[in-house]
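From first to last, the protein sequence lines are chains L and W.
In case it helps, the working numbering puts the first sequence at residues 1 to 722.
In case it helps, the working numbering puts the second sequence at residues 1001 to 1722.
The hints are simulated quantities; they were obtained by calculation from the structure and are not laboratory data.
Check before you lean on any hint, since a few could be wrong.
What the hints assert, rightly or not - No farther apart than 25 Å at their CA atoms in a straight line, the calculated lysine-lysine pairs in the DSS-like style are these:
#: 1; chain 1: L; residue 1: K673; chain 2: W; residue 2: K1679
#: 2; chain 1: L; residue 1: K384; chain 2: L; residue 2: K673
#: 3; chain 1: W; residue 1: K1047; chain 2: L; residue 2: K679
#: 4; chain 1: W; residue 1: K1679; chain 2: W; residue 2: K1663
#: 5; chain 1: L; residue 1: K388; chain 2: L; residue 2: K679
#: 6; chain 1: W; residue 1: K1673; chain 2: L; residue 2: K679
#: 7; chain 1: L; residue 1: K388; chain 2: W; residue 2: K1679
#: 8; chain 1: L; residue 1: K295; chain 2: L; residue 2: K663
#: 9; chain 1: L; residue 1: K679; chain 2: W; residue 2: K1388
Number of protein chains: 2
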Amino acid sequence: MTLVSAALICGAIAVIYGLFTSAQVLRASPGDAKMQDIAAAIQEGAKAYLGRQYATIGIVGVVMAVILFFTLGQLSTVGFVLGAVLSGVAGYVGMHISVRANVRTAEAARTSLQGGLTLAFRSGAITGMLVAGLGLLAIAGVFWYLTGPAGYAPGDHRIVAALTALAFGASLISIFARLGGGIFTKAADVGADLVGKVEAGIPEDDPRNPAVIADNVGDNVGDCAGMAADLFETYVVTLGLTMVSIALLLPNSDHLAALMALPLVVGGACILSSILGTYMVRLGRGESIMGALYKGFWTTAIVSVPLIWGVTKWALGDLNVNLNASAFLDGANTAVTEAPAAGTAALAFTGMDLFWCMMIGLGVTGLLVWITEYYTGTNHRPVKSIAKASATGHGTNVIQGLAISLESTALPTLVIVVAVVAAYQLAGIIGVAFAATSLLALAGMVVALDAYGPVTDNAGGIAEMAGLPDDVRHRTDALDAVGNTTKAVTKGYAIGSAALAALVLFGAYTTDLERYADALGLTEPVNFSLNNPYVIVGLLLGALLPYLFGAFGMTAVGRAAGHVVEDVRAQFRDNPGIMAGTSRPDYARTVDIVTRAAIREMIVPSLLPVLSPVAVFFLVSGVSGREQGFAALGAMLLGVIVSGLFVAISMTSGGGAWDNAKKYIEDGNYGGKGSEAHKAAVTGDTVGDPYKDTAGPAVNPMIKITNIVALLLLAALAGGAG
Amino acid sequence: MTLVSAALICGAIAVIYGLFTSAQVLRASPGDAKMQDIAAAIQEGAKAYLGRQYATIGIVGVVMAVILFFTLGQLSTVGFVLGAVLSGVAGYVGMHISVRANVRTAEAARTSLQGGLTLAFRSGAITGMLVAGLGLLAIAGVFWYLTGPAGYAPGDHRIVAALTALAFGASLISIFARLGGGIFTKAADVGADLVGKVEAGIPEDDPRNPAVIADNVGDNVGDCAGMAADLFETYVVTLGLTMVSIALLLPNSDHLAALMALPLVVGGACILSSILGTYMVRLGRGESIMGALYKGFWTTAIVSVPLIWGVTKWALGDLNVNLNASAFLDGANTAVTEAPAAGTAALAFTGMDLFWCMMIGLGVTGLLVWITEYYTGTNHRPVKSIAKASATGHGTNVIQGLAISLESTALPTLVIVVAVVAAYQLAGIIGVAFAATSLLALAGMVVALDAYGPVTDNAGGIAEMAGLPDDVRHRTDALDAVGNTTKAVTKGYAIGSAALAALVLFGAYTTDLERYADALGLTEPVNFSLNNPYVIVGLLLGALLPYLFGAFGMTAVGRAAGHVVEDVRAQFRDNPGIMAGTSRPDYARTVDIVTRAAIREMIVPSLLPVLSPVAVFFLVSGVSGREQGFAALGAMLLGVIVSGLFVAISMTSGGGAWDNAKKYIEDGNYGGKGSEAHKAAVTGDTVGDPYKDTAGPAVNPMIKITNIVALLLLAALAGGAG
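Only chain L is shown next, with the shape it has when bound in the complex (with noise of 0.2 Å):
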């Protein structure tokens, strides 16, 4: 068996795991005909949202396929379409079992704890095995058909095209679909709660607000679909990345194949290792929830190393790669006359010194999920201290908040730092994108413990619309409660992964940059020094674009929720029997209105990855010359992870400590709920969730669009490629 049909099987693998737990999911009882009321309109909402969005992105995707079909030609736009089309099915199945799980969860949890877990956890590893599955398919799939039946050698140049499309097809949909989906979310959220309860004095999850439904089918928007198609992105990406950049770095190895299969087989030995982990979500004695998660994820983890050493002696044997010091180190950049001493050490590496670098991606996964939870659980300092300061005020509640939002990057920073020296110090920048490559391997179990949480944070809802006792909803209460921890460590983790991905990009940029530096006109080396004054604005200006960014992310959800509120009042007013209790509310309306309200607005803020790069090459190129203008989007590129990893970082840890610093004073800390300190962490919460949910994840995709553009405006101006 060869080792791309050994990863197509994987894949198909977790396509039909994903099918056989549907049917699981599917077959548990949906409740009383209250409960599947309530989860009907959640479901009729979210078809709603669904129409309408992919009929925008598929405007937007045609306009887009159009260009890729005259500048880079068929090929190119085969793989984007392969990818955006693979990424909308992995949101809208994943959604599409999300909202039928949670009225069964809530159903579930009638009986036990342990029902409630296992019926919510199944539904997120569908959503994670079909992320990793499709993306494996789709990566694997193109590598196989062009390698085989089109033949064409592993290092064609038409291979990278493909890939490098396809990457771009996913993270095109990831940013509609977060940044929509964050806002959508969270306009719901702030809308329903104004009109709701401040106008109308009716209670929050009120089945009489016609915004209520929008606000549960946002969680499956935001948290289940739009994460789906942020972590397919990832996955693709990184994958696909890493063997774009073993064939430009490469290009001439005897091993050339079997490098580049390598990230293949270890997603889908992945795969394997995630959906055994899945099986091992467990309560034990101590009813900790969280332990049964961990327990799946750490099987997960440790069962990976074997497998991945498996496979790595599988595909590479005892190979041993030398290459001359300024292949690796310098690209085509600079005339270095000498090896520098560290270029040394990246010019040599063996199969298991790549198996060495996957380690450092596992263990980096690890830390990172440490780290975040640390920072976002109860029981740590950062939330007990938010909820300490809460005691104080408003004030002191966010002035803490934003403390532990800043402090919140450091040690993932220095994680990151140690992984990429010690991983370069192993392999070069092949090490690097090796340890990425490891990293979003687990993506399939990552993926599963993220899309449980909406799942039970819906269940919650239901409960309690649906009046079902006191004791299911301390149970669905529970499970809802880890569910902030676990979609802040998927968080991290995508901006952990996307900081060594985009030093893969980076160093895919710049060996392209020599590939085609001939057809781009390009005479002399371009300078990517510090002391090159156009890297220092490249590197402004990439900064600058996170931070702008958040700032349309953060207005957007205000803007959208005014539109929320102007709807409700507009039914209420036109329809009185709907505060009587005699009619239903239009809930479909309201969430078109709030569908249409989110993707309008993120408009602008997708345009600005996708243009960004684009501007600022001519830009420079006109001041001072193509030489510079390269140098100048190359540094952008760096830029734009140097400080968006922080934005990131800060922002969703950040919101999770909020959120939970909330919960821990609900638990009855500082007074419990309905104290001044309560009413203080609820504004914590509040400033939290655009920054969680809105501004903060969105910043992955948007590294990785910036990365992609530039690669493909330099395919386009070499004059296309496939």
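Let chain L serve as the given structure and place chain W on it in line with the hints.
Leaving out everything else, chain W in the frame of chain L:
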């Protein structure tokens, strides 16, 4: 008359202006007995603070001086001590006047708005002129002594060492004064509110609250003494390092002495235009206070144009420098065989090119003032949008404030980027240095606008506490309102200059590396290309510093406020006469306690930028050799500015906008004082306080410290240089 003597005379004129105006201010009536009593308490507190602060900083300074003496020798030690002492003097004298002008401003406001404005602004101008005058005297004096009596050549490495050490002395005091002052003022503010308003139920600014004087002292400590030390540092570092860069880049130029003296005479000329500007601050018919202040500022800016043209002509005549490309563009680091396209423009420059670079600097100053006014003034969209968001609650106020924070970084970044490109096109890195020099040359006027703030703030407090008539209080309120904007302007100006200065400092670092290559044992050039992973590592670690520093600053305010609360509680308990109004609280004790707390809290964050460069260099060197150590260290210097620029601007502009959104509501919008919107705006203001007065402004000296420590480390590793 020589250029340097002219600069020395201008510096002396500034100091004489300060003394003369001090006498004028002190001659004004200090009001009635009650007002004098309150003012005496503030003066007493200020003295207590200064005593304790200088005792602590003295210890650090002596330790540092001893280290410098044994690593870098006598000359550097003397330079360090001079910079440190003069920075202290500028802060001390400014604060000395400020705490006496406050009560006189309140008294003058009894008669007219113009009277209060004149007194408050003159007091600010004293600080401004001392900052610029002492700064210029220090740099010009050192340069005069070493090139005159000591007989060194202008480009002698001992002059470079002395100027660098002078800058280090100023920077070290500055970070202590900025951060300590920032923690002090906000800890006193928050502490006084918590225990006074919340626990004891006494109104704000009640003289029975022992912390209320500390609160008023804090305004002076943070916005007068801290800011003066900060701008003194910025002035000395920018002018001094411009001279150092010229010496390093053009060591063999015939025009070296004239080029090095040019920043000094430009500084001198702008002192004259600043003095002229201070006499133009008068109310027009519309009684617009901001308009009156701007009249002074624009007079200074416009008069500076012909003055700078004149001194440039005088110093350089028809200078025409023409040098080999690689000396400018690439330093020692890459062996470029052909001159890059952009490099060509950078090689040759005339005296008039430098004049245009300085015009760019003036343009940047004007634009930064205008942008800050837009983001923090009450009559523009940003502040109004925060006020509007306050109507829907605490959470939406903070969300909109954070969105404005993030957004406010965009225009300053674009201005800086365009300025860097334009100045670089005109005269390479020397052009950027001269743009930074002319930007800083206006420091006298800018500091005057800023130091006006705490005087009017205190005047309002004194008017309230002394029970002056309502119309007086209205006048002091009007004077105070524009203070928020002018304070924000100075912070934006300082961080903007830091961005330009950082480029110059990085240039000095790379040139120094080349100069010391043999002594450092570097056998090959350091690779600063973005392709080198250690450069990425350095960028990420540098980018982390402002985040970690911000986190420390924010939490320090919370902890120090706790100490204030404890002390006030103890005073109330031990001396019941205080609440009865029969005995005076021990203001000095509270001030001393908050001083101790503030200074203790600031030690770790202040050491962060001092120790991090050293730690990064030795760690990376240990792993991968000295070349990579220097590469990571250099990248760290740029990482800290790439992220620090955004952190600082977002914090200072965002904080100013929050503050004025509260004032806008207090002016009667959205329900006015006491409304729900006002409560939400108070929350935003509290959040903005440590943002804009503690963490944000301290980023500027932090960036400089990191850079200078790197330069000193190089010199020390090379075996001392002076």
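Here is what the structure says about each hint:
1. K673/L with K1679/W: 21 Å, holds
2. K384/L with K673/L: 16 Å, holds
3. K1047/W with K679/L: 41 Å, violated
4. K1679/W with K1663/W: 12 Å, holds
5. K388/L with K679/L: 13 Å, holds
6. K1673/W with K679/L: 21 Å, holds
7. K388/L with K1679/W: Holds, because 21 Å separates the two Cα atoms, which is no more than 25 Å.
8. K295/L with K663/L: Distance ~24 Å between K295/L and K663/L Cα, so the pair holds.
9. K679/L with K1388/W: Holds. K679/L to K1388/W sits at ~21 Å (cutoff 25 Å).
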